[in-house]
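**Student:** Sequence:
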Amino acid sequence: MQAIRGKEIAMIFQDPMTSLDPTMPIGKQVAESLIKHNKVSKKEGLDQALELLKLVGIPNAEKRLKNYPHQFSGGQRQRIVIAIALICYPEVLIADEPTTALDVTIQAQILELLKDLQQKISTSIIFITHDLGVVANVADRVAVMYGGRLVEVGTSEEIFYNPQHPYTWGLLGSMPTMEGTEEKLYAIPGSLPDLLDPPKGDAFYPRNEFAMKIDAEEAPPYFEVSPTHKAATWLLAPQAPKITPPAEIVRRWAIYAERRPDEVRAVDDISFHIYEGETFGLVGESGSGKSTTGRSVIRLYDPTDGEIMFDGEDISKIRSKSAMQAFRREVQMIFQDPYASLNPRMKVNDIIAEGIDINHLANTPAEREEKVNELLKVVGLDPSHGTRYPHEFSGGQRQRIGIARALAVNPRFIICDEPISALDVSIQAQVVNLLQDLQKDSGLTYLFIAHDLSMVKHISDRIGVMHSGRLLEMGSSDDVYNFGVHPYTESLLSAIPLPDPDYERTRKRIVYKPQPEDGKERKLREITPEHYVYCSEDEIEVYRKKIEEKKARAIHE
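Residue numbers (my numbering): -7 to 549.
By construction, these hints were calculated from the structure, which means they are not laboratory data.
Some hints here could point you the wrong way.
[Said to hold, decoys possible] Now the in silico label distances, taken between C-beta atoms and shown as ranges:
{"#": "1", "residue 1": "E362", "residue 2": "G269", "range": "19 to 29 Å"}
{"#": "2", "residue 1": "K313", "residue 2": "D39", "range": "46 to 56 Å"}
{"#": "3", "residue 1": "D13", "residue 2": "V84", "range": "16 to 26 Å"}
{"#": "4", "residue 1": "V84", "residue 2": "A332", "range": "28 to 38 Å"}
{"#": "5", "residue 1": "E540", "residue 2": "Q111", "range": "34 to 44 Å"}
{"#": "6", "residue 1": "H62", "residue 2": "D39", "range": "20 to 30 Å"}
Where is the CB? At the ideal position from N, CA and C, for every residue including glycine.
Work out the full structure, taking the sequences as your base and the hints as a guide.
**Tutor:** Set out below in structure tokens:
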């Protein structure tokens, strides 16, 4: 088995922090499998490791071979894990959520890399993901899984254009469109089944809006739709009523973007306001400084300069423990990594109740339990599971626990650092709808940090586009997505994966190439009302004209 693992069959794991050795430099970790299986020298192994690290997008790779995992961002660590899996060019590659932590531009590079590798050495790829846009990009055949069983299998076109299982309908309907016309996302009702105690009959029965009596009694067999397409649903039985998916759930996707030929310091000088009751979206590639910005706002990192104002007070100057506790009662954070942010020695009930206890928000144990149970329900978890430990939950379930913990103290402002990156699309829709409902009911304010641009567009009032620690463009959600003009914004928009196989096969991606320094002063400048672009003074008119051209094209389309 040792001769096969890593050489013939390799795996890209979902969580880079638990799959990387924290005590070993990343260069040695990438080269380790190559040295062992191919019997190359350490120098040759490190040379090949360096080339692969460059290929997967590690900046200044030659200077970072001796760095340790904790010195990289979450997305960069995921790229290192991908390099480890690819170093021996395996025959079978199992990719378990390999692009979950990556921004769309690096995601597009990785997907192109995997497809190129597959063609060059005939590698077979089992691609596990909850991102339907990624599936449309990479998959020849698709299997939809629910409750431990494959419920629908077919070609990519059959699954996306002619889905037959209600769960597949729900997954497709849960994704936001780039047009952003829906006020709320479709969310599959209910929660995932307990695989240790599965329901009788069809596992999807409790959540199936089209369920029949037989679904509660007997699991359906596979019904053939075509020689390459089958689904396990009683709706395909000859005697079943003919039901088609609702038009608003299964849609044909399109993106309207300018196309060009195919090409393949943490935070500095950044300033923006977030108004009470709004959602400010912060997007950019991994390592751009988004998470550093969020953590500085809540004072997990101390800024070296500047001001962070909240309710008229510069919180960067808070020094007393009581003042900091009062501030963090008002401001909470949902962290990106659900594995590292939950105490493995505490039960989930106690993790969620910690803020309640510290801030004395429950007068009795019964009231405490009631609050915790309600929070678990709100994020789609079974309250009876509160006595379990974090390791007994999936990655997506742990993320929901983190969200419940942030909500426990009734904050006014929540920093959402990639809060849905670990969730499947149906749960993403539930969580985003939940955040929006809470905002409407309680006037919450959000800083929503993410690399999923379509979701950021759906939830945000205003958006800032960040790269290398700087804001390059800022404006309303519609302005940035429909009339974004900075070259980096255009590159991000062109890389958004959509659940449409035809579109993905003909995608034309814009590659961002930073301008060389020319001595001109560049900063965020207002191009049109409330629409800002990082540019020099003599570029203002160029960008203004570009926005006018895009608006004129939009009127004619």
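**Student:** Is the hinted range of 16 to 26 Å satisfied by the C-beta distance from D13 to V84?
**Tutor:** 24 Å, holds
**Student:** Holds or violated: the 46 to 56 Å window for the beta-carbon distance between K313 and D39?
**Tutor:** 51 Å, holds
**Student:** Given the hint of 28 to 38 Å, check if V84 and A332 actually sit that far apart at their C-beta atoms.
**Tutor:** 30 Å, holds
**Student:** Please test the hint of 20 to 30 Å on the beta carbon pair from H62 and D39.
**Tutor:** 25 Å, holds
**Student:** Taking the CB of E362 and the CB of G269, does the distance hold inside 19 to 29 Å?
**Tutor:** 28 Å, holds
**Student:** Lying within 34 to 44 Å: is that true of the beta-carbon distance E540 to Q111?
**Tutor:** 43 Å, holds
Against the hints set out earlier in the document, no violation occurs for any number.
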